[in-house]
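Listed in order, the protein sequences are those of chains A and B.
Just so you know, the working numbering puts 73 at position 73 of the first sequence, and the rest follows in order with no gaps.
Just so you know, the working numbering puts 350 at position 120 of the second sequence, and the rest follows in order with no gaps.
There may be inaccurate statements among the hints.
Stated by the list, open to error - In silico DSSO-like links for lysine-lysine, alpha-carbon gap of 27 Å or less:
#: 1; chain 1: B; residue 1: 499; chain 2: B; residue 2: 261
#: 2; chain 1: A; residue 1: 154; chain 2: A; residue 2: 86
#: 3; chain 1: B; residue 1: 499; chain 2: A; residue 2: 155
#: 4; chain 1: A; residue 1: 154; chain 2: B; residue 2: 516
#: 5; chain 1: B; residue 1: 499; chain 2: B; residue 2: 386
#: 6; chain 1: B; residue 1: 261; chain 2: B; residue 2: 516
These are computed hints drawn from the structure, not numbers from a lab.
From a predicted model like this one, the values you see are computed outputs, not experimental measurements.
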Amino acid sequence: MTDTAYLEAAIKILFVGVIITAAYIITTRNLISLIRVYALQSLALVGIALALYGLEGSLVLLGIALVTFISKVLIIPYFIATIQEKIRIKRDIDFHFLSPTSSLFISLGLMLVIYIVLSRILVEIPVKGNLFFFGAVIGISLMLMGMMVTFSRKKALTKVLGYLSMENGVLLFGLFATELPFIIEFLIIIDLIILVLLTTILTVGIDSTLEQYHNRLHRFYLWDEKGDAP
Amino acid sequence: MIPDFALYCMLNTLAVIIISPLFVSLIKKVKAWTQGRQGPSVFQTYYTLAKLLSKEVIYSRNASWIMRVTPYVNIAAILTASLFVPLIYVTDSVGGIGNIILFLYLLVLARFFMALAGLDAGCSFGGMGSSREMSISAIIEPTTIIVFAALAFVFKSLNIFDMVLVSSATGTPVTPTLILIGISLFIILIVETSRLPVDNPETHLELTMIHEGMILEQSGRNLALMELSAAIKQTLLMALIINLIIPFGLATSLSLVALGIALCVFVIKGTVLAGVIGLFESSMAKTRFFRLPSLFIMGFFFSTLVIIIEVFA
């Protein structure tokens with residue numbers, strides 16, 4: 001009994017961690033810490049999945065935790081960090097439409113709306129308790145906050161990070177509200193890795209012809225034929 | 231109850247005056263270490279205050295009575311405010327002491343007089359400092375109110391004594407709401423004590439200074455009082471974080487052993503927090519003035535979230 005209480009408390013604290021990282025992703029301008037915080041957010045999700053495994057004992061959760069850890073904590077942040085290092089952009093200071101301050105205000109409103117809407121929708125369906133309801137609320141909020149990052153940033157790298165944090169929201173919602181089949185989760189992650197690889201092309205310029213693209217690769221030191229240090 | 235409370239008042243004031251300079255030096259020491267320097271001794275602030283207290287006061291020719299009265303108003307307001315935050319011993323409050331709104335107003339009174347004194351001497355740096363300080367405090371005020379409102383929602387009381395009693399009685403301190411409030415209070419602490427992303431406490435560079443600019447014209451024992459009241463204000467805000475978020479070790483009965491343990495525990499926890507502040511400051515560069523709202527808004531966001539959680543869940 002006390003074990004269950006501890007696990008639930010741990011999950012709640014991890015929820016707070018997810019919210020803090022989401023707020024940080026919305027406001028920060030520093031790309032390096034953005035990537036680290038994304039990795040941290042994914043790590044919090046891994047923790048939540050493990051704690052849920054402790055509560056429910058379903059092996060799928062353990063699989064999700066493992067796949068999330070390998071892909072979202074290790075591989076994807078590593079790739080993005082490498083790209084970021086190569087194109088030598090340290091900051092993303094341009095914002096479309098919304099400044100970080102107003103984004104945070106809007107996300108507060110979003111959370112409130114989602115809370116109210118979900119409490120109307122889920123009243124019919126037997127949810128397993130307060131915890132699962134909050135997980136669903138935070139999952140959808142995280143999704144919408146990630147969407148806000150995607151459309152309020154200008155750099156392709158940060159847009160991708162917004163998309164990735166959106167996917168974290170989907171995963172969180174899937175963990176708590178529905179039973180997401182493992183295979184779908186796995187396919188989503190493969191998609192994500194391909195997306196991150198494509199980012200290499202996107203950040204350098206999708207709007208160019210092949211010749212121009214080659215030149216740009218040179219300019220960003222991504223292509224080094226002579227082998228001299230960039 | 232009344233004698234208990236009188237004893238509390240003496241103990242608390244004594245503790246806050248003795249401990250405050252130590253925390254100031256500790257933060258400086260941590261910052262020096264991160265920069266690879268030895269740094270001043272941890273007792274340096276005591277020496278500086280003692281030296282300043284024995285020096286004569288010099289007033290500018292333009293200075294009016296405001297300049298003369300400000301250090302005393304400042305220290306009086308801050309010391310009264312220090313009665314509102316129990317440091318090492320907590321008892322039932324008497325006569326509305328501990329009211330959170332009055333606490334905020336006392337801090338603002340001190341700040342208001344400090345800004346007036348900055349303008350009063352006719353020094354242009356003082357004027358710049360005052361204008362900046364007032365702009366910042368106008369922006370931070372809603373955040374501060376929301377953070378303290380969130381505290382009131384979580385502990386179901388407007389009195390800091392009740393809050394501390396509740397949090398020291400429950401014992402299991404780490405709840406999600408308290409983590410969020412802790413972050414908000416930390417941001418308030420950084421802004422109210424003019425620390426790094428907002429103001430650099432170490433520089434007298436005219437382009438950046440806020441707090442230092444306002445007390446530039448103070449000298450001698452007046453300067454000592456201003457420095458001491460700034461140190462006490464910092465200790466009070468640190469004590470709020472310490473005693474609300476990690477309350478273990480706080481004395482609830484008047485015995486010498488309990489008080490001794492409480493004092494030791496408080497100094498240790500304060501040292502850790504001072505270390506955190508020092509590291510936080512060392513890892514930051516000063517932000518542009520117009521970017522500051524994005525720092526406050528984090529505190530606002532988290533504490534509004536706490537209120538939403540408390541109201542709906």
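Hints versus structure:
1. B:499 - B:261: Holds: residue 499 of chain B and residue 261 of chain B sit about 18 Å apart, inside 27 Å.
2. A:154 - A:86: holds (18 Å)
3. B:499 - A:155: Between residue 499 of chain B and residue 155 of chain A the Cα gap is close to 42 Å, so the pair fails against 27 Å, i.e. violated.
4. A:154 - B:516: holds (25 Å)
5. B:499 - B:386: holds (25 Å)
6. B:261 - B:516: holds (15 Å)
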